[in-house]
Structure formats: C-alpha cells, structure tokens
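K.L.:
Mind docking chain B on chain A? Use the hints.
The residues making up each chain are set out below.
There are 2 protein chains.
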Amino acid sequence: MSHPLFKKHQALLDQAIIALKERKFFTPYPEHPKAYEEWGNEEGKASFSKKLNTNYLGVAEGNSDWIGEEISPYWQTGLGIQYPKENPQEVINKAKSAFEIWKNTSIKSRAGILIESLERVKSRFFELAYATMHTTGQSFLMSFQASGPHANDRALEAIAKGYEELLEYPEELTWTKPMGKFDLALKKTFKPVPKGIGLVIGCSTFPTWNTVPGLFANLMTGNVSIVKPHPKAIMPIAILIEELRNVCKENKLPEDIVQLAVDTVKEPITKIYAEHSEIKLIDYTGSSSFGDYLEGLQKTCFTEKSGVNSIILESAQDLKSTCQNIAFSASLYSGQMCTAPQNIFVPETGIETKEGKMNFEEVLSTLTQSMENLVTHPKMGPGTLGAIQNDNTLVNIDAQGDFGGKVILEQLNISNPEFASARIASPKIVVLNATQATYQEEFFGPVLFVIKCKNKLEALQKIKELAESKGAITCSAYTLDEAFEKKIEEEMNSVFTPVSFNFSGPAFINQHAAFSDFHVTGGNPAGNASFTNSNFINRRFVWVGNRYMPNTL
Amino acid sequence: MSHPLFKKHQALLDQAIIALKERKFFTPYPEHPKAYEEWGNEEGKASFSKKLNTNYLGVAEGNSDWIGEEISPYWQTGLGIQYPKENPQEVINKAKSAFEIWKNTSIKSRAGILIESLERVKSRFFELAYATMHTTGQSFLMSFQASGPHANDRALEAIAKGYEELLEYPEELTWTKPMGKFDLALKKTFKPVPKGIGLVIGCSTFPTWNTVPGLFANLMTGNVSIVKPHPKAIMPIAILIEELRNVCKENKLPEDIVQLAVDTVKEPITKIYAEHSEIKLIDYTGSSSFGDYLEGLQKTCFTEKSGVNSIILESAQDLKSTCQNIAFSASLYSGQMCTAPQNIFVPETGIETKEGKMNFEEVLSTLTQSMENLVTHPKMGPGTLGAIQNDNTLVNIDAQGDFGGKVILEQLNISNPEFASARIASPKIVVLNATQATYQEEFFGPVLFVIKCKNKLEALQKIKELAESKGAITCSAYTLDEAFEKKIEEEMNSVFTPVSFNFSGPAFINQHAAFSDFHVTGGNPAGNASFTNSNFINRRFVWVGNRYMPNTL
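Protein sequences appear in the order of chains A and B.
The opening position of the first sequence corresponds to residue 1014 in this note's numbering, with each subsequent residue numbered one higher.
The opening position of the second sequence corresponds to residue 1014 in this note's numbering, with each subsequent residue numbered one higher.
Chain A on its own, in the form it takes in the complex (with noise of 0.2 Å):
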C-alpha cells in the first residue's frame, strides 16, 4: 500500500536512526530560509494573506459552525480566519473509526505516510512562517526555523524513535526449550499496541514545534490524534495537519487519524476531550496548574509546563561577551521561550575574568548595557524581540512595578518599522536580594532579575532548590573553576536539570537542537517528558507476547 513512500523515505530514516544514537549535529531540513528558495517567500507570503478573513477550509469535512479569534501581535487586528467548530463526540467518533485502520497499517507505511507529509509542510515553511508571525508575535526568522526546518527535525525525530522502538522485539519466532527427552517448541509472536486516541494540546507561543513530537509520536505508533491548539495560534497547526490529512486522502488511508478541534477563549473545550473516556494519551504544553489537572488524569500523559530558568555567573572568560550572550538568550522573543532564563545569580563580590575582577556594579552596568545595546539597535532590536503573544503577559509584568526590588534597566520604548502597531516589549531588569521570594515564581516574558548572592555557594543552593520545587528547562553558568563547574553539574544534575556552562558567541542556551538535545528532562516539576527519549515513545503503545502450540496450526 504505502511501501512506496517507504522505499522514497527509507535512507532519511536510516540516517535520523543512526542520528538519534549518535546525538552528533544532524538536520534534515536546513534552518536558513534560503535553502527553500524555490519554494518562495513571496508565494509563501501569498497564500497566507489569501487565507486572511476565509473559512480555512481543508482541515476537516464540511462543516456549518466556523470560529477563530486569531490576532496578529504586529497588526493588534484578527485575521478574520475561521476554522470548523466541530462535536466533540463526533470526532472522537470519526477518531475511532480512523484509528480501526491505522492500527492495522503497517509500521513501514506509518513511517513513509509520516515523512511525506513532513516534505509537503517543507513546501510551504514561508507560508508556515507568516502564520506563526502573525498569531504568535516570533520574529520573521524565529518563526520560519521554529515553525518550519526546527518543528520538522523534532518531527522526524519521533518518527525515527517511533520506528526503532517499535521494531525492538521479532514479530515472530520460535521458542525451542530442551526438555531432556524431547524440546518443547511454541511459536511466539510481539506485538507493539497502540493505546488508542490522543489529544495534543498546543501552546501560543509554539504552536507547530511543540505539538509536533508528540503529534508524530502517537501516529507513528499506530494511535490517532485529536488536535487542540490554544485559540489563538491555530493556523500554523492547521496547515501541517491539512498536509498530514491530504497523504492520507492520497493514500487511501482514513483522513481523520489526525483532527483539528477548535475552541475560543471564552468556550474552552479541552477538559471535554481530556476527561472522555476514549482519550487514552494527552500531550500538553502550557501552565502548570492546567498540566498539574491533566497529569492527575491517570491517563498516560506528556507534559511540557512552567518552569524557572536560571543563570548562575561565577567568573567568566570575559564580562561583556557572557552579558551580551545573557542579553539575547533574555531578550529573544521577549523572553517568552520555555528556555529563556529568568534569574541570574551573582555573588555580592564580584566575579574574576580573565580582565581582572569584576565588582557587582560593574557587573550590572556591563548586562544593563548589553541590553540596551540590542535592544535599540535598529536592525537587531526589532528581529531579536518580536512582539509579544498575549496583552496580559505585559499586564502581569506591569502590575509587579518593581517587583520589590530595584529595576537597573526599565522596558524601553523599542518600535518596528515594519509594523507601527507590534506590541513590542524589551526586558526590564531588575536586582533582587537572595532572600526575596519574588524570583523563585514564574513571570513569563520580558523581565530578568538579577539575584545579589553572599557568594557562589549560596547561588548554586538557590538555584538547585528552585530547580527541584519549581522546575527548570535550562540552567546556564559561567564559570572559570572547574572543580565548581564539576560541583554546578553534580547538583543540578541530581534535581534533573541540564547545565550549559560558559556559553558566548553563538551558542544560547534557548536552542535545543532536535536529535541531540534532549528537551526538557522529565524529572523536574517543568514537565513529565523529554523530546524525544525512549519513554517519550514507548508509553504510548504496550508490548503484547502470544503464544502457539505448533502442532495445532
């Protein structure tokens, strides 16, 4: 049936196979938008402004209820697009239906149905782009790599895993045990089951790169899909799921193994879908309490949640490369990355560099610096920042006034000329005593606190603490001494967190590379899985041994 696209696809999977073990840099599909050239920005651009004020029609079967309340960051206007306001018992229904048949398809079809439909949402990465700009404030740039060639390595990724998990045991084989006399033969065969239908519940900020992993995971061990984005950044999603239903249609396979399920605001749907019996998986990226409810579910579930991020700044090789490489890892996209760092931690003496010793001021006026120096640069600043997803984060940071501390750098009045109405919001940053509790929550978006610390020892306990009850993607320290780096490890480590040390130049601690590093770790309160590890595969199917008596068949 799909052996075709198998055989078209089977050397890209061979080689993510072997890319997974390796964990070496490999990407399949090129970050830089010139390598889709031949695709077009301008067609790209094209298409998405046609979708504008339109049924987006091609994401499920015909259907008289449409809504959408999507808002571009940089317009501050709707864009007018309406997707079909569906049953949620009908989709489950028609889930159901589709899940009879691909259960039963074949592993290697699964895997070339999945891989094709990643090379057509390649075709149109420039329309994916504007529609990921467009609801969730990223930069042009961001949201090209996030949305297109990064969402489709982290895809290809859990495809890859997906097949070698699910080819881990022989279908069949004879089992031969020697009883003295005569061997007792039976046949046995294995079988990966999958659980059933799962719901993939989308962020507003990434609306393709983190539903995707768990999106290809579920359809590649032969469960269905239901899709909930958040309900105001579905079209991105839209546009992969509407590729993924046409290889199906294609293919003679049922459409609805994947389905969109739209909701608003105000009308949510998600606990609907998320309590119903028949959803056997729930994916999750978004706050914690929502993750906390779905986690308690007793389904078997994948969360990405909140978390603190923090920096630790013990000495460095030199003070404004390390303040300039913080600036950008705070200041891209507003600070609204899950891996964006909130606090960094400073002794109250100062750090060494290989310049010399750096006192506290000195250290706070050269990131203060730093910052407004991107911030306001007029080619960077914009691209850097992009506009901000949701009026409320601005609300949320605003209320805080100080925070209780004392703000060294306030939000700058940043434009884009580009767009004259982006909601745009440069980080305010603020100092704060170790002993505050301010920093030790989450304020998601563009604020940074800098914590005045007795000495690195305090620092490092601080940080690990919070790492351990609040949860932590990412944790970035700099450091000269390495029998301390050797301790920074040690401890963050045992609470499960990854440590990027001594990061400058082009390395940020926001990136986490698909088929080398892992997202999120799973062991700490920021989420309960990691893009993409064994277990991010295999509790979404169950191995089934049966056994035969030969004689009888």
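Please note: incorrect hints may appear among the correct ones.
Identical chains share a label here; the pair holds if one copy fits it or two copies do between them.
[What the hints assert, rightly or not] Straight-line distance between alpha carbons at most 30 Å, and here's what the computed DSSO-like set of lysine-lysine pairs gives:
no., residue 1, residue 2
1, K1475, K1109
2, K1135, K1098
3, K1047, K1021
4, K1034, K1190
5, K1284, K1483
6, K1034, K1194
7, K1047, K1500
8, K1312, K1034
9, K1116, K1499
10, K1116, K1500
11, K1500, K1312
12, K1109, K1477
13, K1419, K1483
14, K1367, K1477
15, K1190, K1020
16, K1034, K1204
17, K1121, K1200
18, K1370, K1419
19, K1419, K1367
20, K1135, K1392
21, K1204, K1020
22, K1333, K1190
23, K1190, K1500
24, K1333, K1194
25, K1204, K1483
26, K1098, K1194
27, K1475, K1194
28, K1121, K1037
These aren't lab readings, by the way, just hints derived from the structure by calculation.
P.N.:
Relative to the frame of chain A, chain B by itself:
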C-alpha cells in the same frame, strides 16, 4: 574498583543482552535441581533448619529489637526466625548515604557486583528452596525453581536490560554545527541520573521471583533499595539481600544499597515508607486496592496487582489432553499463582474436537475427571498442589459455598505423606451462567469456574470485558478455527492481554520465561508495569545532557 567482577561476568552479560532482543530460549540458571548438586540438597536443608528459632544475622547491623512471625504452611507452626526491627527514618538515612556512593559507582562495576551476587545466591538455591517452601507453601520443586533459577534469570534480565538502557547514548561527544564562515563546536555529555531510594514491596506467595526484577532494576540503574517483604515470607529475600550485602562489603561498597525492612501484620510499616518524601520509586506486587493507593501517590511506581484470568474453550484437538492441561494449570500451587486461570468459558452447545463433537456435559465430566485424577494421584497430587499460604484464602472460598452456581467438584481430601499438618486444598469446580457476576471478581486460591455461554462470541466478549475492567495476566484459548483464533488474538491484544493458544502437554500458561515472555503487559488493570520491557528500566532514571563551550575548558 569492581572491574574484575565485570570482567568475570562480561560474557554472561553479553549473552543476556542478545537474548533479551531475540526472545529465544535462554536460561543461564538451568531450572533442574540436579544442575546444582555440587552445593547439596542436604546442606541447604541443614542451613535452613539451623536458622529456625534464631535471630537472622547478616541482613543488618547490630540492633536490639527483633521481630518475625513466619509460619510454615506445611507444619502450620511458626519458624521462630527473628529479623531486626529497624526505625524507618534511620533506614532511609542509611539508604541516602549509600546512594551518594552507589550512584557514582560505574555502570560496569554495578553490573559486576550484581551478577556476582546472583552467583553467590546460586550456591544457596537449596536453602532458598526450603525457605520458600516453608513460607509460601509452594512444593519443593516449585520453591526451588521459582525462588532459585527462575528468579535469578529474572534478576539477570533486569541487569542486562538496565545495562543496555544506560548505554543508549554516548557519555561524551563533540557537536559541530556549520555556521557558514565558521563552525560552532560544543562538548556535550549525557548522563542517566538515578532517581534515589526505591521501596520494593514483596508478596507472600512469590517472595523472591516478584521482588528481584524491581530490586535489580533499581540497583543496576544506580538507585538504592529498601525491601519490605510480606511479614509472612521474609526469609527467602533475606538470603538474597544477605548475599548482595556481602558482595558489596567485600568490594568496599556500602552494604546499605539494599536494606531489609521487616514488619508484622499488626504493625505494618509500608505506608510510612511509601509516603516518605525520600522514597522516589515503588515496586509492588499484591492486592489491587493497595496497588491503586500506591499508584495514586504519584511517584514512579511499578505495580503487579490482581486480575481475572480466563480460558476460552471453543474447539480442541483432543478434549482429554486439553482438560489435563487446564486441570494442572488450575491446581498448580492450588491456584495461588497470579497466572492461574479462574474462569473457563464453554459454549452451551459443546465443542468440536478431532474425535468429534463433545457436548457441554462431556466437557464438564472430562474436566472434573482430569482434576480428580491429578489431585488424588499419590505422587502428582501433593507435589502439584503444594500448600495454602494463608488461612484466609480457604476461609474466603469456603464462605462462598456454591458461589451461586452448581458445584461439580468439591474440594477433595488430599494428604501429603511427608507433611501430616500441611494446609492442602484442591480446586473446587463450579458451573455458572454467563450472566452471573460471581466470576467477574478474583477469588484467589483453589476455585475454578466453568461459565456456560450461548456461543463463542459471547464467551470472547465476556473475557475481553473482564480483562479490560478487572485486568488479566494470562488468557488461554483452545480453538481449531483459524479465523476465530485471529479474532481472539486481536480482541484480547486490544485490551493488552496476551493469549496462549492450544497449550497441551508440557506447555502451561502459568509459566512466563525470563528473556522471552513479558510478565504482565502493564496495559490493563492487572498492573502498570512489565517484566522486563524498557519502561520497567528507564522510568527509574532521567537522561540529562550538559553542554560546554570548549574554549574555556
């Protein structure tokens, strides 16, 4: 440090890892007592006898309070063996100290230490057999095999799978990303970080076989363990723990990587441990209600709970050998195995066999005759039935009288010439209708229900519903109809229940062979874990990846 032990056992480990994948017959510890004659039956018996009415030394440091209330189901008198009564907080403190060293002990050293301990236990298989016999009531042969070679096989399986999983990713590598004019190179490390202290809760019927997978999976992955055996079946696992601790001591590693925590029926301590914040992992075999409580604690939890195992009898080669096989499976250890069948579904129209049609009554009479022949056989009977571990097992079954059905075989009066006081009971056989609720509960112990169904489809439907709602560890099917065989397989596998087809002669559904059969699928209410798939291992640790800018290293 322990590399000599790794080298000593490396060949065995390598074989075990291959066997895990291949699922072919592999038993590094042959099951027949003859293979262990050099260590002597008489010596083992003497060692066991010498420990009666004494304090069991060698499982903990000096301690003033001693407790113990094991009773031999064969003698129906107390064994008089006393074990140290420990303070839970002190046990946890010792476990924490041991963890700090054990987690940093190399993977190879851990593998060497653990396999060496299995080799030591091998020399005590006979003693272990008597300890098992006089706590569980298993026959001598089952005691020897289940607690000796079969348990060692399962332990080695967990070690091998652990070793494989821990080496999934490279310890260190350089990741190089081409950036156009230059390359970005980062050093990356990947570490499988153990979760901490594991509580391993044993059961009264298989005190080592069901305990060692979790125990060795914990230890192999760098976690430490506190073993809380059932108060009525301590000695078998105490022997194993003693040997583990001895090998640690000899190799200058903390003995407290494994500790024995003993309690009494009146003063249980399991919840104190399970709810303790320092307990990160729980392994459990036992009742569903307590298992559900443990799963609800939201720790990393591996359970084997109860289920209702069914047989569907639709058609057979030969009715007599089929009934003999069923009678043996149901009588073995008087139905106290978690794999024992409880329900036999038979169409009221009878069954086809190669010798012609057999009506329902003929099936009943052949089954009762087979059962009677087996249990009253002077040599086979007592050896198959063993003894009843717990008085309540019989009280519960007696209290049900005819179970609302028709008793076609009463419990027979069997005596064991070797043990005049043995608590023996043969299975009662009761005929029920498919509409009765009785058979939809587990009745642990010697009772077998024959359920009269309208037809084979009703039978299959009932079995499937039961497996889905109450759980099932095994399912046995007799059918010569290929299409129906396929249907049974699909339907039962869809509720994550394995099926054994047409077992006769020396193949019994009760037996799950290490390195080939998964024990429990983890997908239905009979348990959430499986001996030994990758989940059983890799949920015990977390992959953490660190990144380093090489210029500052």
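K.L.:
Please go over all the hints and tell whether each is borne out by the structure.
P.N.:
Status of each hint after checking the structure:
{"no.": "1", "hint": "K1475 / K1109", "verdict": "between (48 Å within a copy, 21 Å between copies)"}
{"no.": "2", "hint": "K1135 / K1098", "verdict": "within (28 Å within a copy, 66 Å between copies)"}
{"no.": "3", "hint": "K1047 / K1021", "verdict": "within (24 Å within a copy, 57 Å between copies)"}
{"no.": "4", "hint": "K1034 / K1190", "verdict": "between (35 Å within a copy, 17 Å between copies)"}
{"no.": "5", "hint": "K1284 / K1483", "verdict": "both (24 Å within a copy, 26 Å between copies)"}
{"no.": "6", "hint": "K1034 / K1194", "verdict": "between (45 Å within a copy, 28 Å between copies)"}
{"no.": "7", "hint": "K1047 / K1500", "verdict": "neither (43 Å within a copy, 53 Å between copies)"}
{"no.": "8", "hint": "K1312 / K1034", "verdict": "both (29 Å within a copy, 29 Å between copies)"}
{"no.": "9", "hint": "K1116 / K1499", "verdict": "between (47 Å within a copy, 16 Å between copies)"}
{"no.": "10", "hint": "K1116 / K1500", "verdict": "between (48 Å within a copy, 15 Å between copies)"}
{"no.": "11", "hint": "K1500 / K1312", "verdict": "between (37 Å within a copy, 27 Å between copies)"}
{"no.": "12", "hint": "K1109 / K1477", "verdict": "between (45 Å within a copy, 18 Å between copies)"}
{"no.": "13", "hint": "K1419 / K1483", "verdict": "within (24 Å within a copy, 60 Å between copies)"}
{"no.": "14", "hint": "K1367 / K1477", "verdict": "within (27 Å within a copy, 70 Å between copies)"}
{"no.": "15", "hint": "K1190 / K1020", "verdict": "between (38 Å within a copy, 29 Å between copies)"}
{"no.": "16", "hint": "K1034 / K1204", "verdict": "both (24 Å within a copy, 14 Å between copies)"}
{"no.": "17", "hint": "K1121 / K1200", "verdict": "within (24 Å within a copy, 35 Å between copies)"}
{"no.": "18", "hint": "K1370 / K1419", "verdict": "within (24 Å within a copy, 91 Å between copies)"}
{"no.": "19", "hint": "K1419 / K1367", "verdict": "within (29 Å within a copy, 90 Å between copies)"}
{"no.": "20", "hint": "K1135 / K1392", "verdict": "within (28 Å within a copy, 73 Å between copies)"}
{"no.": "21", "hint": "K1204 / K1020", "verdict": "within (23 Å within a copy, 35 Å between copies)"}
{"no.": "22", "hint": "K1333 / K1190", "verdict": "between (70 Å within a copy, 24 Å between copies)"}
{"no.": "23", "hint": "K1190 / K1500", "verdict": "between (52 Å within a copy, 28 Å between copies)"}
{"no.": "24", "hint": "K1333 / K1194", "verdict": "between (80 Å within a copy, 23 Å between copies)"}
{"no.": "25", "hint": "K1204 / K1483", "verdict": "between (39 Å within a copy, 22 Å between copies)"}
{"no.": "26", "hint": "K1098 / K1194", "verdict": "neither (69 Å within a copy, 50 Å between copies)"}
{"no.": "27", "hint": "K1475 / K1194", "verdict": "neither (68 Å within a copy, 40 Å between copies)"}
{"no.": "28", "hint": "K1121 / K1037", "verdict": "both (25 Å within a copy, 25 Å between copies)"}
Going down the numbered hints, you'll see the structure goes against 7, 26, 27, while the others check out.
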